[in-house]
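Q: Given next are the chains, with one letter for each unit.
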Amino acid sequence: MFTTVAIILDGFGFAAWLFLSSVGLTLIYGVMRILNISHGGFYALGAYSAAWAIGLYTQTGNTIALTYLIIPVAAIVVGILTGLLVERGLLRFMYGHEEVLMVLVTYAVFLILEDVTKLIWGTESYVAYQPAFWLGTVDVAGIPYTIYKFLIIGIAVAVGAGLYWGLNHTRVGKLLLVVIHDREVSAALGINVTLFFTVTFVIGTTLGALGGALTAPEISVVPGIGAEVIVMAFAVIVIGGMGSIGGAMIGAVIVGFARAMSVHLYPPVEMFSIYLVMAVVLAVRPYGLFALAEGRKI
Amino acid sequence: MKDFDKTEWALVIAFPVLLALMVLLPRWLVNYVQISMGMGLVALAVMIQMRAGLVSFGQGLYFCVGGYAAGMADKFLGISDIFLILILAVAASLVLSGVLGLLLRRYREIFFAMLTLAVSMILFSLLSSSHGLGSTDGFNLPQASYLGWTPTGETGTAALYVLTALLTLTSAALIHRFLRGPVGKIVEAIRENELRVEYLGTSAHASVHATYMIAAVISSIGGVLWAMSLGHVTPEMANWTTSGQFVFIVILAGTGNVIAPLVGTFVLEVLRVYAVEVSPNTWQMILGIVMLLTIVFLPKGLWSLLERASKRSLPHEHAQEQSQ
Amino acid sequence: MTHSTLSRISSHWLAATLALAVAPAAMAQEEKTFKLGVVSFLSGGASGPFGVPSRNAAELLADAINNGTVPAPYDSVGFAGTLIEPVFVDEASKNVVADYQRLVQKDEVDAIVGYNSSGSCVAIAPEVEKLETLTVMTACGTSQIFEEIVTEPHYLFRAASHATMDNVAAARYVVEHTPAAVDKLGEIAGINQNYSWGLDSWRDFSASIQVLKNDVGIANEQFPKIFAGQYGAEISALLTARADVVHSSFWGGDLEALVIQGAGRGLFGRTQMVLTSSDTAIHRLGRQIPDGTIIGARGSYNIYAPDSELNSWFRQAYFDRYGVYPVHPAYQMVNAMLGMKAAADKAGEGTEEAIIANLKGLSFDTPGGIVDMALAGGHQAITGTSYGTYKFDKDTGLGTVENIVSFKAECINPPAGLTSQEWIKTGFEGADCD
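Residue numbers (the numbering used here), protein chains in the order written: chain A, 1 to 298; chain B, 299 to 622; chain C, 623 to 1056.
Hints are not guaranteed to be accurate.
To be verified - Once the Cα atoms are required to be at most 25 Å apart in a straight line, the calculated SDA-like pairs of lysine to any residue come out as:
id, chain 1, residue 1, chain 2, residue 2
1, B, Lys373, C, Thr1041
2, C, Lys716, B, Leu400
3, C, Lys1016, A, Trp134
4, C, Lys657, B, Tyr572
5, C, Lys1016, A, Gln130
6, C, Lys752, B, Ala471
7, C, Lys752, B, Lys598
8, C, Lys1013, C, Thr1041
9, C, Lys1013, A, Leu90
10, C, Lys752, B, Trp447
11, C, Lys1013, A, Gly61
12, B, Lys598, A, Gln130
13, B, Lys598, B, Lys609
14, C, Lys1013, A, Trp134
15, B, Lys598, A, Thr58
16, C, Lys716, B, Trp447
17, C, Lys1013, A, Phe133
18, C, Lys716, B, Ser428
19, C, Lys716, B, Lys609
20, C, Lys752, B, Thr448
21, C, Lys657, B, Pro324
22, C, Lys716, B, Tyr572
23, C, Lys716, B, Val576
24, B, Lys373, C, Lys716
25, B, Lys373, C, Glu809
26, C, Lys752, B, Asp379
27, C, Lys1013, A, Gly96
28, B, Lys598, A, Glu99
29, C, Lys657, B, Leu323
To be clear, the hints were calculated from the coordinates, so they are not data collected in a lab.
Required output: the full structure, derived from the provided sequences and hints.
A: The structure is reproduced here in structure tokens:
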């Protein structure tokens, strides 16, 4: 009984984190066909800036409630600044290269971001636990859970729903879907693909930074957190189907539950549960669960 | 030797050159040359798959199989003979790649990349949590012996260096032959258009499978040579960051020639060494910037530099090649 | 810029790189210095808690030794008059062994101190003896270095105890000095990272507990991946397991995340937490670490360091220069460097040979107390250690420890000739705890 409840709650808790950390990656891949390794760098920048800003703010002794505003603001500032800088300053000169070369470009950006982060914030850890503690805990089947965890789950659902609505029910979103399906045709239809790329990249980086910023209160922000998130996020979006928002959500839930189940039922497999899930899913569904249909070009 | 082309002659000449380097270069740099040959073989394996449009983000799997075959042969069987070890490593990688290839040959693009990564990470995790094999600390390897001869000290180091050079160059030459042969040509055609290859009546799956197994074999040889020269193995060999590094070497070096990944490995290693020396705190940034500059100015890799130079200096020969 | 100039520049660059590589590294120097390679993590997750503090300590101490400002008995200049010239290297590298060889052969260092990860230490240990260069390891958890890998060391030393000590002492502290936990001690649980350090720590701790008290069961064992950061499920599992004691050898960012997430959900209140490598978290987390948590510092370092002139000088000098107080990796670095200085001063000359000859079996004073090079023929140090429970001082806003118990080195380290594992199995044969 305890265990079932715990698996469900822990599974969703971990899934929410996975989704928030990987949705920006799948969006950018869907629209731009770039497997963006620098995503890890944006995640780290988001986490650092939020932890740093929360640290400064809490020293003033004002109400903790405002820190919940600091988190998204930090993420948006980081996302817009670095997103624009990387896309306008670098990536746009690289469009048209092979996909694999773009991976290397974003890897180089990731390496640079790692050290930039280190130059700005040093190697000492940053902790900003106040937002995670302030809301307190709630007992479920005798096990205390932080309310912040439920907040994260709520935000993940909201972000997913928001993106789904934005893509399917707004004009811009529908145009974006056209770009996702066929870049050449959409350019021929007169859609400003370049602008869409810029906007998508900035949204993607902002989502990456938001993932980091929301995680910051629960962890200790240290060098290297960006590298850890990359493979996890790749696995999630591959399982769900590259470029699919709904896929990322399902992928996150599957991985989240696989991990929660291994921790509660058989801890030794926890370390590679995610890879095992990925191998099994790909063996059954070679293009992930919600892959976009691709035309065969003869 | 009549039918040797330029690349094969270059590989033949490279052997005495490598021997000369061993004597001329300072010892520490010879070390980097030596480990670059072991790692270079894995990069070469990544390259031949990339020719088919397949990016392996899990080549560390076979690098690790080679390294651990060497380590476990000594630990459990008491074998330190390098030829026996090589046979064991090749056999292990053949069996493993033969089986995994049945699954992997159906996959392309990012899915091939992620599936290779997943398999490699499973091995990484298993080795990391196995106490008997030293977990993440790994364990140390013996001095190599050669058919009963066990040289130590300077002679031992030199013997391993000579064998490494010989095996690396031979493998590169054989791979070069392979790429020029029928399967090599099919593999390139698969990258261009797999459907048309199938329409021509050839099995794309079989060619991919063969390429995958060959890549596995030379990676495991690279793993043996690398591990024997450093004297230590850890599960880190199978980690995705290791595999990723090989991919980046190949993209930086270019896929134009079998020599490119071998040289590329060494160049990147020396670059890293100097970046760490110039700025121990921000060497990653230097590496990133150099990578970006390389891509901006040499999108086809460092190797294109050489091709360009040879085009300039030998306009006649090039014109002839074109007309053939 | 045209292509031809570009390729020319690139080829020049290549040529320059090679030329640099071949050029003799050590330029003619006017005065002979003692070139000291200092290896520690400068990037990645281990840099903040371990690598940078130990690098800083090396920098601080090299300057202080060169200026003769360290308190007695180290108040003379240099290694017996020879000035130290440190060279800093990042331990985060895929080719740790080749980097070691380069440090020896290219940079021509006289000696090397450092290495934090057991993986690095295991890899370079045989290389040290091959390349015949004095190398003093400052940390590394594993006990195999001298027990299995280099059984007859000449050039290799380690100036810190191995992790077996941390966990034996932690078990003793729990069983012998924590009455509240012991009365009801029926089951223990552990959360440790899934790699050598975590697996070894848990093995030693659980084995020691079972030796010290019969019939203690294991309620739950968690081994999350290193740098996982998210421990929600693990904490739930530990909460439902309801063990009396939960052991963790987490360090750095993972430890801080575990404290934040675990304390937030009341894990620390429900069970007695034992954190063996947690002094690094104190100044970061302050009041977030629940009072009563058992804190270890991998020796009598930092909060457990004795009240001596040497220690007050070190803490103040470190604080003045880096704005924080030194944590245990900084103390371990100081151990190694002061050991070398003591050996050089004893010989009266600052050379590699003199230090090797005199460091062997030496017993010397450090900010963390006496370091005794007692094991492995005088090459492996044993030190005492301390454990205590956490107490946040609301008045000063600083974390402190109370109920401190200091263990003698001979009580918690295996005697010469017995490996750590055998020693625990024999029920700590020959342990001298009085």
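Q: Hinted pair, alpha-carbon criterion (25 Å max): Lys1016/C, Trp134/A. Please report holds or violated.
A: holds (19 Å)
Q: Taking 25 Å as the top limit, are the C-alpha atoms of Lys1016/C and Gln130/A close enough?
A: holds (18 Å)
Q: Please work out if Lys716/C and Ser428/B have their alpha carbons no farther apart than 25 Å.
A: Roughly 21 Å between the alpha carbons, so the hint for Lys716/C and Ser428/B holds.
Q: Tell me if the straight-line CA distance from Lys1013/C to Phe133/A falls inside 25 Å.
A: holds (20 Å)
Q: Please verify whether Lys657/C and Pro324/B have alpha carbons no more than 25 Å apart.
A: holds (19 Å)
Q: Quickly compare the C-alpha distance for Lys657/C and Leu323/B to 25 Å and report which way the hint goes.
A: holds (23 Å)
Q: Is Lys598/B within 25 Å of Thr58/A, Cα to Cα?
A: Distance of about 51 Å is beyond 25 Å: violated.
Q: Mind checking the alpha carbons of Lys598/B and Glu99/A for me, to see if they're no more than 25 Å apart?
A: Distance of about 13 Å is within 25 Å: holds.
Q: Given the hint that Lys752/C pairs with Thr448/B, test it: the Cα-Cα distance must not exceed 25 Å.
A: Judged against 25 Å, a Cα distance of about 16 Å means the pair holds.
Q: Lys752/C and Ala471/B: Cα distance at most 25 Å?
A: At roughly 34 Å apart (the allowed maximum being 25 Å), Ala471/B and Lys752/C break the hint.
Q: Does Trp134/A sit within 25 Å of Lys1013/C, going by the straight-line distance between their CA atoms?
A: holds (22 Å)
Q: Below or equal to 25 Å on CA atoms is what counts here, so check Lys716/C against Tyr572/B.
A: holds (15 Å)
Hint check: violations occur at hints 2, 6, 7, 8, 9, 12, 15, 16, 19, 25, 27; the rest are consistent with the structure.
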